[in-house]
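Student: The listed protein sequences derive, respectively, from chains S and Z.
Numbers in this note's numbering are just positions in the first sequence, counted from 1, shifted up by 9.
Numbers in this note's numbering are just positions in the second sequence, counted from 1, shifted up by 9.
Quick caveat, the hints were computed from the structure, so don't treat them as lab data.
Some hints here could point you the wrong way.
As the list claims (entries may be wrong) - Partial list, computed: chain Z residues near chain S (C-beta under 8 Å):
| no. | residue |
| --- | --- |
| 1 | 15 |
| 2 | 27 |
| 3 | 28 |
| 4 | 39 |
| 5 | 41 |
| 6 | 43 |
| 7 | 51 |
| 8 | 58 |
| 9 | 108 |
| 10 | 110 |
| 11 | 111 |
| 12 | 248 |
| 13 | 250 |
| 14 | 258 |
| 15 | 259 |
| 16 | 284 |
Just so we're clear, the structure is a prediction, and the values are computed from it rather than from any experiment.
Ideal placement from N, C-alpha and C gives every residue a C-beta, glycine not left out.
Number of protein chains: 2
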Amino acid sequence: MNKKEAISFYKQHIKKIKAYRLVLSTTLFDRRTIAPKDGNAYRNEMLPIVQGEVYQLQTDPKYIETVLYLAELDLGEVMNREISLAKKSLENTLKFTKEEMMEFSMTEMMANDAWLKAKKNNDYGTFEPGLVKLIELRKKQAQKRDPKKNAYDIFLDDFQEGMDRKKYDHFFSLVKKELLPLIKKINRKQDLIDDSFLYKYYPVELQAKFSKDILDYINFSSDWGYLGETEHPFTNGLCRNDIRITTHYYDHNIAAAIYSVIHEAGHGFYGHQVDPKFDDYMFLSHASSGMHESQSRFLENYIGRRRSFFKLLYGKLQEYFPENLENVSLDQFIAAVNVSKCTLIRTAADELTYPIHIMIRYELEKDIFAGKADLSKLDELWDEKYQKYLGIHADNVSEGILQDIHWSNASFGYFPTYALGSAIGAQLMHKMQEDIDVDAILEKGQFKKITDYLKKNVQCYGNLYDFEEVLMRSTGENFNPQYYIDYLKNKYSAIYKIK
Amino acid sequence: MNKKEAISFYKQHIKKIKAYRLVLSTTLFDRRTIAPKDGNAYRNEMLPIVQGEVYQLQTDPKYIETVLYLAELDLGEVMNREISLAKKSLENTLKFTKEEMMEFSMTEMMANDAWLKAKKNNDYGTFEPGLVKLIELRKKQAQKRDPKKNAYDIFLDDFQEGMDRKKYDHFFSLVKKELLPLIKKINRKQDLIDDSFLYKYYPVELQAKFSKDILDYINFSSDWGYLGETEHPFTNGLCRNDIRITTHYYDHNIAAAIYSVIHEAGHGFYGHQVDPKFDDYMFLSHASSGMHESQSRFLENYIGRRRSFFKLLYGKLQEYFPENLENVSLDQFIAAVNVSKCTLIRTAADELTYPIHIMIRYELEKDIFAGKADLSKLDELWDEKYQKYLGIHADNVSEGILQDIHWSNASFGYFPTYALGSAIGAQLMHKMQEDIDVDAILEKGQFKKITDYLKKNVQCYGNLYDFEEVLMRSTGENFNPQYYIDYLKNKYSAIYKIK
């Protein structure tokens with residue numbers, strides 16, 4: 010094998026893997042959005058078979074040989090990065106047999122079905138066995154992958170290379186120390202801002218129409234994007250020109266869908282705006298989960314909660330819901346969507362309490378994989394944390410431990426990237442405001458200037474550089490969570506007139 | 010290889026093929042329903058790669074050996090049928106290389122994209138090159154499959170085993186002779202029945218709601234079925250418990266969506282009600298395309314246009330559209346949906362003119378594959394036939410040759426099964442009315458008795474027997490198109506008071 014042949018084989022082989030991934034991702038998207046539930050038994054049996062074929066491709070002897078051969082060569086910046094990531098992925102894949110991989114996949118799909126049913130029926134017991142099984146399987150996997158390393162550290166690194174408990178502990182101790190006292194103070198001032206109109210009756214069909222208006226407004230085009238509806242919002246980029254996002258409509262909460270749509274669209278732009286030259290690679294689509302969340306949380310909060318963002322949009326919202334909003338001014342609306350309140354649902358949480366929701370999950374996950382959490386009482390442990398940090402209790406378990414989809418997908422270690430992403434976003438916002446006049450741009454409806462800025466400074470790089478390098482290129486600094494802490498403290502102290 | 014091993018290998022191998030088919034079918038369904046168009050370039054490149062893998066499985070030497078070995082044995086009724094169909098399919102597949110198959114698939118997807126664009130832009134030129142290419146490829150394929158046989162006969166047999174031009178010529182000559190004179194007479198009596206209220210403004214969202222009500226009424230459950238929206242309605246059964254149907258809503262035609270929903274649900278029930286014991290086989294899901302169309306046309310026309318069917322439903326329809334229907338009685342509504350009129354759109358055509366639409370397509374396809382049609386003038390030839398038989402002309406080509414999706418999927422030879430299915434349906438209806446009191450059952454809202462009858466007498470058999478055998482079992486007779494001719498003549502002579 011010479012270099013040219015090896016590169017040619019590599020590209021051809023990953024193209025095949027990507028073809029499989031496309032049909033599998035589409036089928037999984039379909040499964041999560043529109044597929045009738047009775048078909049899942051058949052689907053759950055069939056999907057692992059095709060996933061097993063992907064495993065065969067990923068562990069094909071010639072592919073292994075090629076990756077190891079190429080990893081020793083200098084292939085230029087792009088290909089060097091691709092191959093180093095391919096090698097890391099390969100080493101991980103080779104720790105498991107095809108049968109183990111297929112079993113895990115089936116367990117995961119069944120747990121996901123159980124979670125959906127459990128949430129619907131407000132019954133944790135329906136989900137518990139599946140969750141416990143997933144945790145056990147993940148523990149075994151971690152043991153196989155690196156018996157010397159803490160399991161949770163392995164998963165944290167999967168989603169955000171370089172992060173571990175030590176670094177997150179530091180981050181969350183900052184969150185705890187700096188934000189919890191402020192949250193407590195604000196809690197005593199809950200009557201200051203009226204947001205009750207956000208929780209009137211908002212017919213779902215009209216919310217869906219306004220969601221499309223938002224997407225039009227931010228140029229999230231239906232030529233390359235799609236908005237669906239699911240129990241839990243998510244984004245799935247099938248390819249650069251096919252970005253699927255979903256939301257969930259609550260008929261008594263207008264803000265939830267608005268901000269989940271903007272959030273997922275933020276992910277969507279990242280998927281869409283990566284440099285097209287990475288289309289032919291397998292590992293270069295995005296820098297990390299934390300970086301992905303920085304883009305979604307950026308649009309959702311640092312842009313979407315500004316008065317300037319809604320200046321041209323709010324009139325349309327009033328038109329859809331005159332009974333609820335005709336006497337609510339733009340300023341009143343913006344004040345309401347920036348209220349901070351200790352509430353149960355993470356995805357609907359305000360910016361200030363949001364990292365506490367994440368910290369709770371982080372602490373639980375840490376305990377789970379340290380063997381310190383009683384798996385038969387996870388729902389109670391969840392509740393205790395909410396009582397302890399936010400002083401609230403969920404009467405319905407569907408608003409407690411069942412609220413998020415992540416654990417049913419075995420995505421342990423993902424949650425912290427939301428808080429990290431928010432912090433990265435704050436740092437990016439600080440720099441963006443030095444570079445361009447964000448409010449003036451938004452007030453003129455020139456939203457493309459915002460997404461162009463993100464494209465140029467973050468998204469175009471895909472995964473060519475890791476998140477720290479991207480951050481250095483875009484902000485000229487290393488990651489610094491102080492921007493986030495300062496942003497939240499300044500913003501909410503001002504809103505609630507706290508000195 | 011012994012018999013037991015061979016059967017075990019066969020079952021395991023087709024399970025893998027079926028797993029691939031599931032993800033491919035899902036991806037194609039997604040592509041036709043919700044997928045953003047800009048992703049199609051990537052999709053069109055990737056899908057044939059996975060289809061190529063299916064080809065590998067279908068032509069795997071051990072699979073070939075196994076099928077040929079099993080074909081010599083007596084394996085019992087079910088397995089004998091399965092293997093004989095597997096062998097036929099194999100012989101066909103082996104006529105082509107993987108590359109030919111992949112090229113065809115890509116050409117087909119591109120032609121389908123072009124058709125969609127052409128129809129939207131009302132421009133035949135956008136579709137023509139793709140159509141001509143598909144025709145050429147199909148001609149070459151026919152030449153390879155059986156150089157001695159007429160190409161069109163090969164395709165007719167694909168969709169309806171045993172049928173050829175000779176048999177269809179006979180069938181359509183009957184249609185022409187018996188029905189055209191009646192259509193002409195009715196044409197002179199167009200003022201007899203008012204159906205203008207069907208073409209008022211019907212908001213699409215409300216049509217979608219009523220469509221769901223229809224599905225509820227006929228027990229087409231969302232647990233195993235899904236209703237989507239496409240340019241052209243179709244059914245795709247991913248498995249017995251996952252049946253996808255689609256419709257198209259026209260905001261100035263309430264009947265179009267109602268009857269396409271019932272039509273596709275008819276297909277859907279066939280897919281859902283097959284005996285579960287055929288789940289593990291590959292070729293036993295349904296008897297033929299004609300038989301499938303008999304089930305859809307059955308619900309659409311022989312059931313869905315009866316007064317008794319709408320007795321319990323019509324009030325709901327009036328509630329959705331009081332402005333259009335509050336002064337229209339049930340009898341007036343039923344009269345309107347049974348009007349016969351020479352119109353342009355096949356899917357919206359009445360029962361009497363419907364087979365003429367099919368005959369036009371049949372004659373065109375026959376000419377195309379006999380080399381008698383000038384491929385550069387297909388749109389004009391289409392128009393000439395409509396002028397000749399129905400005395401009408403399409404101002405918009407999207408209501409002419411571009412109206413149907415089939416040719417863009419290279420489904421030449423499919424159309425005739427619609428008329429054949431209608432004729433089979435008439436024969437089934439004749440027998441059903443001898444067996445049960447259809448109107449009394451419908452008036453009581455006992456729709457399950459209707460679908461149970463179809464399940465027991467037709468659908469449960471899947472493809473265990475060919476369509477003639479199923480027809481013999483269900484009606485005690487061979488196929489006899491006279492039932493169809495008599496039904497139409499009697500029904501429409503009565504409606505239009507023609508002696």
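Student: For each hint, tell me whether it holds in the structure or not.
Tutor: Tested hints:
Using the Cβ-Cβ criterion of 8 Å, the hint placing residue 15(Z) at the interface with chain S is not satisfied: the shortest such distance is roughly 21 Å. Proximity of residue 27(Z) to chain S holds as hinted, the smallest CB-CB distance being about 7 Å (cut-off 8 Å). Nearest Cβ of chain S to the Cβ of residue 28(Z): about 4 Å, under the 8 Å cut. The hint holds. With a least beta-carbon distance of about 5 Å to chain S, the hint placing residue 39(Z) at the interface is held under the 8 Å criterion.
The beta carbon of residue 41(Z) is not positioned within 8 Å of any beta carbon in chain S (closest approach about 12 Å), and the interface hint is therefore violated. Hint status for residue 43(Z): holds, given a least beta-carbon distance of 6 Å to chain S, under 8 Å. Checking residue 51(Z) against chain S: minimum C-beta separation of about 4 Å stays under 8 Å; hint holds. Using the Cβ-Cβ criterion of 8 Å, the hint placing residue 58(Z) at the interface with chain S is satisfied: the shortest such distance is roughly 4 Å.
Given the 8 Å rule on beta carbons, the hint for residue 108(Z) is violated: about 15 Å separates it from the nearest Cβ of chain S. Hint on residue 110(Z) is violated. Least Cβ distance to chain S is approximately 15 Å, over the 8 Å limit. For residue 111(Z), the shortest C-beta to C-beta distance to chain S is roughly 11 Å, which exceeds 8 Å, and the interface hint is violated. Taking 8 Å as the C-beta contact cut-off toward chain S, the hint placing residue 248(Z) at the interface holds, the least distance being around 4 Å.
Here the hint on residue 250(Z) is kept, as its CB sits about 4 Å from the closest CB of chain S, short of 8 Å. Hint status for residue 258(Z) relative to chain S: violated, with the closest Cβ pair at about 15 Å, above 8 Å. Taking 8 Å as the C-beta contact cut-off toward chain S, the hint placing residue 259(Z) at the interface is violated, the least distance being around 20 Å. Interface hint status for residue 284(Z): violated, as the beta-carbon distance to the closest one in chain S is roughly 15 Å, over 8 Å.
Hint violations for this structure: numbers 1, 5, 9, 10, 11, 14, 15, 16, all remaining hints satisfied.
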